[in-house]
Structures are given as C-alpha cells and as structure tokens.
Amino acid sequence: MITFIPRDKVSKNWIIIAPILSIFFTIFFGLLIFTFLGYNPLETLYQIFVSPFSRIDRISDILVKACPLIIIGTGLMLCFKSNVWNIGAEGQFIMGALLAGFIALSFPNIETKFFLLITILAGFVGGALWAFIPAILKTKLNVNEILVSLMLVYVAMLFIDFIVRGPLRDPMSFGFPLSKPYPEGALINKIPFPGIGFLGQLHYGILFVFLLVPVSWIFVNKTLGGFKINVLGSAPQAAKFAGFKRNSITITVLLLSGGLAGVAGVIEVSANIGQLQPEVSFDYGFTAIIVAFLGRLSPVGILFAGIIIATVKLGADNAQMTMGIPKVVTGLFEGILLFFLLTGETLQKYKIKWSEGKK
Amino acid sequence: MPKKELNILLKARKICKSFGNFVANQNIDISIAKGQIHALLGENGAGKSTLVKIFYGVLQPDSGSIEINNQKISITSPNIARKNGIGMVFQHFSLFPALTVAENILIALDNKIKFSEVVNKITKLSKEWELFIDPLKLVSELSVGEKQRVEIIRCLMQNPNLLIMDEPTSVLTPQEIKNLFKILKRLASSGCSILYISHKLEEIIELADKVTILKSGKSIETIDAKKTTTNFLAEKMVGKKITQLKKNIKTNSKNIAFEVKNLNKQKDHEFGISLTNINLQVNYGEILGVAGIAGNGQVELMEILSGEINCKNNDQILLDKLPIGKANINERRKLGIETIPEERTFHATVPNLTLSENTFLTYFFKYSNTKSWITNLLNNPQNSLDESKTIVKNNDVRCPETNPLASQLSGGNLQKFILGRSLANNPKVAIFSQPTWGVDIGAATAIRQKLLDLSQSGKAVILISQDLEEIFELSDKICVINEGFLSEIFDVREITATDVGLLMGGKNRENQKMDPIK
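In the order they appear, the protein sequences are chains A and B.
With our numbering applied, the first sequence corresponds to residues -1 to 357, in that order.
With our numbering applied, the second sequence corresponds to residues 73 to 590, in that order.
Keep in mind the hints are simulated off the structure, nothing from the lab.
Glycine included, C-beta positions come from ideal geometry on N, C-alpha and C.
Take these hints with a grain of salt, some might be off.
To be verified - With a straight-line Cα cutoff of 30 Å, these simulated DSSO-like cross-link-like pairs (lysine-lysine) come out:
hint, chain 1, residue 1, chain 2, residue 2
1, B, K333, A, K243
2, A, K243, B, K290
3, A, K220, B, K461
4, B, K500, A, K238
5, A, K347, A, K10
6, B, K254, B, K308
7, B, K106, B, K298
8, B, K465, A, K238
9, B, K326, B, K398
10, B, K272, B, K298
11, A, K178, A, K188
12, B, K86, B, K155
13, B, K155, B, K254
14, B, K384, A, K243
15, B, K393, B, K339
16, B, K465, B, K287
17, A, K243, B, K438
18, B, K257, B, K339
19, B, K250, B, K209
20, B, K406, B, K326
21, B, K308, B, K465
22, A, K238, B, K461
23, B, K144, B, K326
24, B, K438, A, K220
25, B, K83, A, K351
26, A, K238, B, K384
27, A, K351, B, K406
28, A, K238, B, K398
29, B, K465, A, K351
30, A, K349, B, K290
31, B, K86, A, K349
To be verified - Some residues of chain A that are not near chain B, with every Cβ distance over 12 Å (derived):
hint, residue
32, I25
33, F47
34, S49
35, F51
Please take these sequences and the hints and turn them into a complete structure.
See below:
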C-alpha cells in the first residue's frame, strides 16, 4: 500500500529543483518514446520545445494561443477553489461566441470599435447564461453540476452547428456552413508594431489577459469575495459559521466562469476567425481545466501554465507539419509532461511511504 | 532467556511508533496479567489509541516486541490478533445500521457458520453475560448502549483472552456505565483480561486492578489502581498540579437574556435529529448547562441557536425580549450573541488558513462599516491581523510561530483561540457546544474558568456538553437533551447526577416531568 505523508516543511531548494527534474524526466522519456517510434528524437524535441520560440512572430502566436486558455482558466479557478466543478467551459465558450456573433451579424454595417464592448458583453452574458443552467439546477434541486455542465457542451456544439447551417448561414457561402463575415466594428485587429508591422497573429485581445490577471489576483487575495470562495472550498461548514451563503457563492462563481469562457469565445472568433462556423473552439474549454490546475488555482500560476500548454500545443503542430508526427504521439508527450510536472509538485508537498500491510 | 511468567497474558517491550515527526509511542513497556482489568490512562494525544491499535494489528510498531503467553508474535492484521484471542471494541462503532444484530455479527466472523447458529449463539451469550439484545433487531433501532453490547458480543463470539475497550463510556449514560462495569468485572473474573482505555479518573479507580499512565507517548508508571487516588492519578497524567476553579458567589439577576419558545425543526437528512418543542431560557449572570449524550440533537440545536439556520417564526427566539429568530448568524453576532460549534476544525475554524484569516472569518463585518467604498471592496484578512494578535496574547494561545495556520495549533490551544475570538466580541449571550471536548486538562481548566468569569461578569452562558462532571461543576441550571427533546430546566441544587442520567437515557420524555426518583 502506498501512503502520502505531508512534509512538515517544503524546502526552498526543492521548489526550484522539482520543476527542473520534471522537465529532465519529460525529456528523457520523450527521447525514449520518439526513438522507439522511429522519429529523430532531438529534432522532435526541438520542434516541440524550441521552435515555438525560434522566431518572434512564433512567440506572439504562443500568446495568441494562450489567450483563451488563460481567460477560461481564470474563471475555472474561481469554481474549483470553491469546490464547484464546472467542466463545461467548452460549451460556455461556444454559447458566448454564438450570442456575440448573433449581435454582430445583426448590425452588418457598424464600423466603430466601441461596438466590441457590446459584443464582448454579449459573449459574457451568453456564457454566463449557459453556466446558469447547472448553477440553478445545483442550488435548487441539488443536481450534480459536473454532469449538467459537461452534457451542455454537446448541446452547445450541436446548437451552433444548427445555427450556422440554418438561420445564420451566409447565402453566398456556396453551401458551406458559415455565417456572413462580421462587420468591421465587431472585429479585433492585429496589433501593428511601428517599423515591424504585425507580429504573427498577435491581436488586441491579449490586452484583456493583461487586465484580467491582476484584477483576478486582487479579487482572490484582497477582497471579501475571494475570501468567501476560499473558505467555501476548504471548509463548507466554516463558511456557514461565517454566514457566507453557499448557494449565492456557487451561482456567482458559475456565472463568472461561464461569462469569462464566453468572453474568450468572442475574442477568439472576433480576432482569428471573423465569422461563425461549426467549430469555433479547439478544445480550449477542456484544456483550460488542465491550465487551471497546473497553475495551482492561482492567477499568476495560470498565466504561466497557459503559456506552457500553448507552447507545447504549437510545438506539436510544428512537429506534425515539418516531420509528419501524428497528433496522438505529441499528445502522448503532453501527457508525460503533465504527469511529471504534477508529480514534482506533489512530491514537494508529500513524501511517499511504502508499507507491506495488506488491506 | 527471560524467565517465564505464567500469569502474564500479554507483554509488550519497548514499543515505538511515529507518524512523521510526531512520536506517538516511545519505548512503551506494559504487561497485562490474566484475568485482570488493566487500565490505560492518559490525556488526549498521550498515545493510548496508538498503542492498542498496535495490539489489535491495525497499526504496525516501528520497533519493539509483543509476547502473548510468552510467545513472541507479530500482529500484522486484526485477523491475526483475533486468532490470538484479542478482541477490540472501538470508540466509534463499526456496525451497519441497515442490518440486523445477527447479520452484523455474522459478517464479522472469521470462520463462517450458519445464520441460525449465530442467532442461537448470540441468544446464549446475551443470557450468560446479561448483555440483553434481540439478535433479529435492526441495528439502526438500537440505542448507543445496545450497539456497544453488540460489539462486545461480537468479540465474545471468538472466545477472547483479551478484550480491548477504547473509551467505552464516553457515549453512555451513568446507568449504562454501571451495567457495563458489572459485565466487565464478571468477564475478568472468568479469566478474560481487559485492557480499558480512558481519561476518566473515577472510572479507573472503580473498575481497574492495575493502571498504566501514559504521557506524551511514554509510559510513566504502572500502579495498583486499588491503592491510589484520583488526585494522584491526575497529577501523574498531567504532570503538574491542577489548579482548582475559582467560583465566586454570584448575584444571579432575574433578567431573562435569551429565550427559545416552542421551537420545532424537522431533520433535514436521514441521520439527523428532529428538534421537538424546544423551550429554554437563560438569565444574565447564569450558566445553563445542556447535558446529553452526543448525537441527540445538540448539533441541530446549535445550528438554530447560532443562526446558521433561521427559525420559521421570528418570535421563536428572543434576545432581551426582542424577537430575533429570523436574524442570520452575523446579525446575531452584532447583537451580542456568540456561539462556538462543537467541531473545532472545519467548522469553527478553517485548518489551512492562518489565525488572522480565521479571525476575519467571524469578524469581517467589523471592517466594512466605513463609508469608503474602496475600503469595503478591499476588505481582506490583513485587516484582522492586530485583532488576532491580541486574541493570542490575551488568551495564552501558544503558537509555534506568529500567525500560524490553525492546523498547527494543538486542540487545546486552538480552542483557547476560538473562545478568545468569541469573547473579544464582548458578547451578552455566549452559547458554547462541547468547549472542552478532547482538550487536555490544563486547557480545559482555563476554558472552564473563562466560562465562570463570563457568567460572573453578568453575561448569560449556555453550555452544551456531554461531560456530566463539567455540567455540574459549572452550571447554575441544568436541562437535558434526548433525541431532540429538551427536558424542563432544573436548578443545579435540586437535581442529582442520577436524575440527569435517567433523563439522558430518555426517561419521561412524553410528559416532560420528573417522577420521584426510586
């Protein structure tokens, strides 16, 4: 039997050594696997880890990819900290994008960028409404939010599919399931850098991340609301003793996380796609769950975790494009990376004891 | 070759056991004679439970040896313990409520026998040992004392040479305790040794032949229980003289501080207790003790009194004759009602938060009464740092560092902090549930003194406790809770421990009146 015994004190050295060891083991096992599968191991590692950083426009692509992950992850952090298990961010992302898209397409000639404030707000509302369903079912009828939020993902996927094939299909799309392009006022532009021009796909949406991270840090650490979430997650009875209302906290965190996922959806579509299509998310809502936990449910941690995951995802794309390594193989590598990162973190806090005792 | 000792059943030498850095048992020697009642005395955390769990094979010692009948054995599982004639009754029963007595005993047997045989055997054993029990009754219908009998019979089915009882009386009424002692004495005289774990001194003197005193994981001394006094045992157990409580003569006012009227509350889950027609009142300058065995509705009563759950009608609870039944817990705090729930961690405090954060937990509203919206927005635990330091200083809370996590404090120190936190709010009415439960004697005395001081300074105190001695020591008035019914309130001078014991066992619940005591 294996038991995990909490360490009395986490040594400072291990906080630095553990991640280095994790990366080392990841690389070691990565090399092993790629060699056995017949790929050039060093070249593969280069593609996954180094090539995303090899040009400045690629670095900016990491930020673009990390942007929705960080926004959704921050919302999920609030849920997970209060022991509310929203795993339907993918659906909330889609519904946010859809509602914002509906508004955008209703004003085909609008040009002012102030209109973005309205579409982003619409995205928040769309995502929040989708999360309100599990919230109200959980608080009123004690229905498990994990099941409801997850199942609503598939409802949302089919719903957007129906919308872009039916009501919102562009008549000029030659039968493709696409909406009309968004008006100018609903598009998020790339950031022009003087003298350089655009850096890859880097767009103004990234500003939202730079705003969100400090605001969420202050909310979690310096406000009563953040404290309530923390207490409810660690000791629900104590939250009751402090007079915090469980139901209203549960509803609030679900609305906030749904809303943020919706905003991520608007930013993704407005900046990178420019119209509605059946597939607007690339598993951002699910990947963000990993991002939230890898970032130890802290705003700054999530910022870095988002960047790490985005890097590996882009690296996997590169490996596929240049070397023809299938996604499943790089997916396996991602798994190894996560395994060792989380193991390293766990072993910082716990020591393992093997005992012969049978149970 | 050590000499053979024929009358020794179990002999343990130099038993050591640590959990991480915490040393639970350190070089403990103990030998239990055949047919003797051997008591293991010690405060909470002295290492009693660890030691007996080693004897029963639940835990493995780090080092040391155990001999049974002069044969060295290693008890690697409860199965092996039972094969060697060791039976154990745990503090918390391990019975399935939805099964009958006989079914519960059947599934626990190592060698399978027929159901009808089990029933016969139970009937025989229960007659033989006066452990009266109906084998076909559902366990959920049994009282706590009866459940304990089932556990004892379960052990007796295996014909044990040694019966380990872990704090068996903590859940029993005085009458049930008397019965249990009779049975244990008979068992011992028939040749079965008993290892009896307790921190109650009187019990040990009444029951045991030998007593081994444990303190901080070490065995201090083994003495003849028949030739000692409670004072001597207490000093050995605590390691210092125990200060007596100072009880001044008080002037009880006749002003009613806090009143509960005709309160009913349906249980909200299967294992809860419904509160039925609760009436109580407490005057300023008075301590009202609510006695009762744990699990008889104290938790539910506390939820309603604290305001964690509101009453249906506002006038079911009155403070200074004003209705407050619908006020929530923080509104009641502002009105001067402070409550302490029975669970110290996860209810009264959050273990992974610091003391200042735990102070903020019940005081956050104090820092948000300013007019500046930015202060309100950024109301965070930093605000309660000074307050928590004052609480720590004024209440002699011993911390390993400044502002530690609540989980870093020992039970007694944490309870002193919790009590201090409530008192810092300068309450008019204090309602405390099991304030000294599981706390070492030193801290318990300090806490009891604080309660006395509180009432002597004119505050109203309600003390919910399962410790009868504590109830009688502190209270001016006493009532008893049993299965969600509250007895009428008696003056402490008009009621005896026997009366209270009968009420705790559910006597006269229907007419709520005392019969003349036989």
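Here's how the hints hold up against the structure:
1. B:K333 with A:K243: 26 Å, holds
2. A:K243 with B:K290: 46 Å, violated
3. A:K220 with B:K461: OK: K220 (chain A) and K461 (chain B) at ~20 Å, within 30 Å.
4. B:K500 with A:K238: Holds. K500 (chain B) to K238 (chain A) sits at ~22 Å (cutoff 30 Å).
5. A:K347 with A:K10: 11 Å, holds
6. B:K254 with B:K308: 27 Å, holds
7. B:K106 with B:K298: 17 Å, holds
8. B:K465 with A:K238: Between K465 (chain B) and K238 (chain A) the Cα gap is close to 27 Å, so the pair holds against 30 Å.
9. B:K326 with B:K398: Status holds; Cα separation ~26 Å.
10. B:K272 with B:K298: At roughly 15 Å apart (the allowed maximum being 30 Å), K298 (chain B) and K272 (chain B) satisfy the hint.
11. A:K178 with A:K188: 20 Å, holds
12. B:K86 with B:K155: 23 Å, holds
13. B:K155 with B:K254: With Cα atoms ~27 Å apart, K155 (chain B) and K254 (chain B) stay inside 30 Å; holds.
14. B:K384 with A:K243: 18 Å, holds
15. B:K393 with B:K339: Given pair K393 (chain B), K339 (chain B) holds - Cα atoms ~28 Å apart, limit 30 Å.
16. B:K465 with B:K287: It holds: about 27 Å lies between the C-alpha atoms, which stays within 30 Å.
17. A:K243 with B:K438: 18 Å, holds
18. B:K257 with B:K339: 40 Å, violated
19. B:K250 with B:K209: 24 Å, holds
20. B:K406 with B:K326: 24 Å, holds
21. B:K308 with B:K465: 29 Å, holds
22. A:K238 with B:K461: 24 Å, holds
23. B:K144 with B:K326: With a Cα-Cα distance of about 68 Å, the restraint between K144 (chain B) and K326 (chain B) is violated, given a limit of 30 Å.
24. B:K438 with A:K220: Answer holds: K438 (chain B) to K220 (chain A) is near 16 Å, not above 30 Å.
25. B:K83 with A:K351: Answer holds: K83 (chain B) to K351 (chain A) is near 29 Å, not above 30 Å.
26. A:K238 with B:K384: The hint holds at about 18 Å.
27. A:K351 with B:K406: Outside the cut-off at roughly 49 Å; violated.
28. A:K238 with B:K398: Answer holds: K238 (chain A) to K398 (chain B) is near 15 Å, not above 30 Å.
29. B:K465 with A:K351: Measuring from Cα to Cα gives roughly 39 Å; hence the hint is violated.
30. A:K349 with B:K290: Since the Cα atoms of K349 (chain A) and K290 (chain B) sit roughly 27 Å apart, the hinted pair holds (cutoff 30 Å).
31. B:K86 with A:K349: 27 Å, holds
32. I25: 33 Å, holds
33. F47: Given a closest Cβ separation of 35 Å, the condition holds.
34. S49: The assertion about S49 (chain A) holds, with a minimum of 41 Å to chain B.
35. F51: For F51 (chain A), whose nearest Cβ neighbour in chain B is about 37 Å away, the distance exceeds 12 Å, so it holds.
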